[in-house]
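Given only the sequences and the hints, what does the whole structure look like? Please build it.
Protein chains in written order, with my numbering: chain G, 122 to 330; chain R, 7 to 305; chain Y, 7 to 333.
Bear in mind the hints are in silico, worked out from the structure with no lab data behind them. All residues carry an ideal CB built from backbone N, CA and C; glycine is no exception. Among the clues, some could well be false.
[Claimed, not checked] Calculated pairs, EDC-like style, for lysine to aspartate or glutamate (alpha carbon to alpha carbon, straight line, at most 16 Å):
#, chain 1, residue 1, chain 2, residue 2
1, R, Lys276, Y, Glu203
2, G, Lys148, Y, Glu129
3, Y, Lys90, R, Glu293
4, G, Lys152, Y, Glu203
5, G, Lys152, G, Asp243
[Stated by the list, open to error] Here are some of the chain R residues that sit facing chain Y, going by a computed Cβ distance under 8 Å:
#, residue
6, Phe42
7, Leu95
8, Met102
9, Met106
10, Ala108
11, Ile110
12, Thr115
13, Val134
14, Gly147
15, Ile157
16, Leu269
17, Gly270
18, Pro272
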Amino acid sequence: MISGVVQRDSGEIWFMKERIDGLQPFKIYAKGIVRSFQIPRLFWRLTVLDNMLIAAREFIGESFTGTLFRRGKWVSEERKLVDKALDILRLLGLSESAFRFAYQLSGGQMKLLEIGRALMADPKLLLLDEPTAGVHPKLAQDIFRKIEEIRRIYGTAVFVIEHRVETLFSYADWVYVMDNGSLIYSGKPSGVVLDARVQKAYLGDIYVA
Amino acid sequence: MYTLNLPQIFFNSIITGSIFMLAAIGLSLSYSLSRFPNFAHAEYITLGGYIGFLLFEQLNMHLYIAFTASFLVSGLLSLLSYTVLFKPLQDRGAPMVYLMVASIGLGITIRHIIQQIWGGSPLTIRAVWPRWDIGPLTISGLYLYLIATVISTSIVLHLLLASTIIGKCIRAVSDNIELASSVGVNVDNVSRFVWFVGGGLAGLSGFFMVAIANAIPLLGWRLLIPAFAVTVLGGVGSFYGALIAAYTLGFAENISVIGLTALGLPTDLKMLVFFITIVVVLLAKPEGIIASIRRGLRV
Amino acid sequence: MSDPAIFIMHIAYKIGVYGIAALSLNIEYGYTGLSNFGKAAFLMIGAYTAAIALENGLHPVIAIILSVIISGVIGLLASAFTLKFREDYLAITLLAFAEITRLIIRSFDDSAKALTRLITGMENYVNIFGGVHGKVVRSFISIIGDYRLYNVAQLCLAYGFLIFSYIFVKLLLDSPYGRVLRAIREDELASQTLGKETWRYKLQVIILGSMLAGLAGALIAQFEGYISPESFQPHLTFAIWMMVILGGVGNNLGVILGAALVESIEAAALFIKGFLGYLPLDPINIQWIFVGISIIVIVAFKPKGLVEERPIKTPAMEVAIAGSTRD
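Shown next as structure tokens:
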């Protein structure tokens, strides 16, 4: 809803002192909010590196006139973008697969590429929708460790929606617990298990920042 | 200036609407069940017309035999194209655009086979139909056959859709394929049934077109855009929507012809009515205006 | 057609021109995923614009420019209404659009004559489109006498434009721009969440595709010397689709190869006409039955076409690929 894909029913959404509800997805992106999808929505018949480059911000080579008339500029810009993309891919352990097509990746790699692609857009806020859903628990640990690393290196705010809370809590700073659409807990991860209402609802959706 | 014969216009609109309804029902139902618009549907119409011409005019058979044969042959062609071509393509995960392209390819093939057999020039049935003059109205016996066909088809389809297991299956499948198959509906059988009946009804519309006017290889293609307009206006997959849309557009066509004739303009421009209908409905209410009104009224 | 060299040149010319048309559909469908089933309309608009411009004594260069611009404007108008449509709705609408365009051009003169009479009471309307009778079109090239030389000049014209179009399309699409188009084809919503204003790209693509189609239409009209609404049946759209799917969706050289193959099938049908004289078979029917069956076979067994799509190649990507193979 924040990312503009689904329109809200009520309420207002504010980000960095600006109202952003009702905006189209590309405008939300322009504000610095980038999301990943729970079920990967990669560009399947593009290579992994191409998938990364699509997310780049304000790239002159992507406009009609820019492509044709400012060729020198975008060629050199793209070199930098490719380096940046390869850095991120290396961090995510995907650099081996940079030139494979997205549909050739394994399920876990697809999840990682979703994150990498979002990261390529220099997000101020990174929304990750169940980044470990459908992934082996061991790999889930891995993914969270990578997200943690991203946060350290890039200083991005990361907002994770996750059901797999037991692995997540060791990485989170702040937890919101939702049950049936309403917020029932907000605080440190360590307090969650003590909270009566959470215990009652046991596991709702847990939002972690 | 000529005077308007209102009863005749009304009657003609019913006739046009009946043809549209027969032509469009199969298109609409197969579109919603198999999730792509089948452009070869035009050729089921054409083939039905030519089969009727072959049996009734060339072989001098009884009208009822010709009538039944158009239904069966077009229905079988439709069924065959679904089981041999479209179903296997869908099972291989062909994208919708490829199904559309394949359906155009199939349509062009059938159309040119027909043209090879019967030639490209118009063929006419020379039978003389009984006529009655009722006040200002002239009614041909042929039109009574058409109306009887449409009424009985509608009743049968209504009973089928509303109260039988097959009808429930059809509605279940067009609402949600995965859910329907998970509760044990045989999606394949339902689809085969719909493709057969839909193709057969298209064949009947061709049969009546040939009897009313003449047989040309482009017969079905000329009815395809009106049929799409009916499908879209009524809502893809909605039988009652298509019924109402067919008669609405039947009236719209006849009224536009009167308007165009009064202005001295070519009557071919009546096609604009269907084009504008398609664009406006898709822009405003892609699920079909009539279908959404029905939903609003909970009919 | 007694001179075999002229026959071959005729086919070569059509390959060149339909190569341009195939490129234009490849930008729309192959790259961006827009299912334009109304391609014939845009060729028709280009053809009639060129014919009318030449008839009014305009220079061929101006005639070409007008064809391209007017086709582009009509493309803009057509897409302004239909861009948000799902692919099947887009296909139905544009298919109907092509038929309506043909109908309007066919009945325009009659309508305009009737309206002139109705409004001004005068009979002074001059035919523009020629209705069902079509129009005779002047050639762009005026070489009188030597028919072979004339044909060579025509070939240079067609292939000049084909090469120009190919280079233009390659420069435009082997780039970040082309990458965005492919991303839109793969997943429009995901492209939007990554900041792409997808409607803007789709609009540009339809306009560009229509302009190229208009160019191809103008070139066909001046070469054939005669056009009529019957020359722009849905068959034409379908032939162009066949070129793209047979040659290789998303591969620019592939679709030109596709154009060559489809036109060769047509030429073969004409060629065997002589042999079929003894049989009661119409070569036009045989040709289209063959084309129809082959498209079904391609869609079923070789859906990627003869030449498959390649990843986008830009200078930076080449460097990166070289770097990765060295490691």
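Now the hints, each set against the structure:
no.: 1; hint: R:Lys276 with Y:Glu203; result: violated, 38 Å
no.: 2; hint: G:Lys148 with Y:Glu129; result: violated, 57 Å
no.: 3; hint: Y:Lys90 with R:Glu293; result: holds, 14 Å
no.: 4; hint: G:Lys152 with Y:Glu203; result: holds, 14 Å
no.: 5; hint: G:Lys152 with G:Asp243; result: holds, 11 Å
no.: 6; hint: Phe42; result: holds, 6 Å
no.: 7; hint: Leu95; result: holds, 6 Å
no.: 8; hint: Met102; result: holds, 6 Å
no.: 9; hint: Met106; result: holds, 6 Å
no.: 10; hint: Ala108; result: holds, 5 Å
no.: 11; hint: Ile110; result: holds, 5 Å
no.: 12; hint: Thr115; result: holds, 3 Å
no.: 13; hint: Val134; result: violated, 32 Å
no.: 14; hint: Gly147; result: violated, 33 Å
no.: 15; hint: Ile157; result: violated, 29 Å
no.: 16; hint: Leu269; result: holds, 6 Å
no.: 17; hint: Gly270; result: holds, 4 Å
no.: 18; hint: Pro272; result: holds, 4 Å
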